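In our numbering, the protein residues as written are 1 to 696.
Hints in this document: simulated from the structure, not taken from any laboratory. Note that the structure is predicted; figures quoted are calculated from it, not measured. A few of these clues could be false.
To be verified - Between beta-carbon pairs, the in silico distance windows are:
no.: 1; residue 1: ALA222; residue 2: GLY484; range: 17 to 25 Å
no.: 2; residue 1: ASN365; residue 2: SER283; range: 31 to 39 Å
no.: 3; residue 1: SER538; residue 2: ASP205; range: 19 to 27 Å
no.: 4; residue 1: GLN164; residue 2: PRO313; range: 36 to 44 Å
no.: 5; residue 1: GLU525; residue 2: PRO313; range: 25 to 33 Å
no.: 6; residue 1: LEU397; residue 2: PRO480; range: 32 to 40 Å
Ideal placement from N, C-alpha and C gives every residue a C-beta, glycine not left out.
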Amino acid sequence: MACAQGPDPLGAGGGGERRPRWDNRLQYLLSCIGFAVGLGNIWRFPYLCQTYGGGAFLIPYLIALVLEGIPLFHIELAIGQRLRRGSVGVWKAVSPYLGGVGQAGTWVLCGVNPASSRRWRQAVPGHSGVCPTGLGCLTVSFLVSLYYNTVLTWVLWYFLNSFQSPLPWGSCPLDLNRTGLEAECQASSPVSYFWYRQTLNITADISDSGSVQGRLLACLAAAWAIVYLCVIRGIESTGKAIYFTALFPYLVLTVFLIRGLTLPGAVRGLTYLFTPDVQVLRSPRVWLDAATQIFFSLSLAFGGHIAFASYNPPRNNCEKDAVTIALVNSMTSLYASIAMFSVLGFKAANDHGRCLDRNILQLINAFDLPDQSVSRDDYAAVLTHLNATQPDRVARLCLETCRLEDFLDKGPGHVVGSPIRRQLSPVPRGLQSPTSCAVLKGERSSPSGAHLWPVVRPERSASGTGLAFIIFTEAILHMPGAPGWAVLFFGMLFTLGLSSMFGNMESIITPLLDVGLVHRSVPKEVLSGLVCLVCFLSATCFTLQSGNYWLEIFDNYVAPLDLMVLAFFEVVGVAYVYGVQRCGSRCGRRSPTRAGCRPPVSSCASCPRCGSRPWRWSSCSPSADGGRTAGRPGTPSCAWSTWIVSRVCCDQHTGMPRRAVACHSHPRMGPPRVSSGRGWGLAGATASASGCWLLS
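Construct the entire structure; sequences and hints are all you get.
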């Protein structure tokens, strides 16, 4: 690892500390791509495309990418590279009131002891000693790291179980008496049973915490140990590991794409995914989810990209990097969607064929038809003829509705209240599934006698853990050499998540060093170990039997809206508090091109209005399911409280930036130049009589 030689006047400490640098530009690009490209590219973007009109979703997605994603991404890279600091140090240098933007990404507890108060008084001259801002980029990164690595824990568990033939989720296990199969598994499916019972051993609702699952606790410890080994020496160690963790997923996706396109039903899956429905663009929810996906997909406002850019040479072309990484990230999402839904189309075609076979068998037995007299191709014509001649007998058969689109729609959220489930111990909704037409007698049916689900499907398609651990694992079962494909799939998911964890950990550790809360004499190995240990201990709650419910609450309420708030104040800080002209001139002097960072700041100057609109939409409904999180009827209040705590942590800093902006509410909305001092920062700042900080 090459280090900057001699004193670094723009270094994190502002003094003569040597700051590490990337070995080469490729290492830096792969780190940013690995941080940006994560699990959401594999299981959330395809779900959004399928849910919101297929190819039509690309319209708001690309608009959000151009107007919000790339400009804000460029700003983060530019200020990190220019100031050579982490998220907290960067925003405190722009304005003391914006330190909370960085602290929101890292968990900084100010005023806990006199020493920390002295540090803050030294950092912000004239301040009273109380922490000037609350929790911000750091808190979000800390909380996201807790549940993100828990998902990697589940992936690791499945990865280890993939080295078996046959796969353990391919068939139902024997009951305790070993005289038959588990009733729960027979009533649902082997894949659902392995996920909900043998992996999570989930409780009926969130009020029943259950006990810690030893197997998950061991996998959680292993996952955090792997993260620690990779981040033990900062970018020195992550820079070496990133070559594998960033490139291996593309190799696996290519293998899945080639194999998936050769499977029957792949074309139908891709057609279903990208068939446009422009009518959905009228819904504000589509635009909100597109903007949120951009924030998550590019990992904006976490602080990791700022930390990564701070290790760049000052004259690196951050403009080219921002556009390159953003385009690679978006193309990866499309690439993964094609690979995933080609395989899911194959699964749907298999399920559709088996459904037809079951109906054909009923017709042959009921009407005494010769064996193999009805094929899958002839089924529709034969059924139409029998419906016309003997409709009563056909209605009594209670045939299944076999439409390929229904099997493409089918996801783990499709819940059914089967009478069989009521006779068993309480289980989560994902385990509830009908097993036969006879069981469903008395439930709702269509006039023609075809089966209808007794409850409304909450989602149109599968996403998240349901797509990875239920839908896709079932699809792998039908592929020749299933264990090998399972090893590749879960190995890809683990490396994707691991490379994203590098950025999350860097956005926690770097600000702790830059702001001086941890002395630089503390070895990097010790600091990384302490952070990983604290995260591991905090994440043990997710290994409880109710851990999946809590993870869903964290995922729905902790980060999505907070990222928009943090991004909003990032733009306000650079475009209005620091000033567009100053940003362009300061960045331009150290950029190999004339443009510097002025174009993205200029385009972001109107982003507060753009960002506030989806924020208002989402504030009315902080979760996509309207607050109906799985667990129990009282869960929404619990989820709301979690969301409020997170929002308070991230919004505690917002009062001061509002005041700072109010002090500059003249037509030019920003300081024209710094009267004294060098570089970015507050060397030329003066305090007005009203107590507002003015950059003169």
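Provide an ascending list of the numbers of those earlier hints which the structure does not satisfy. 2, 4
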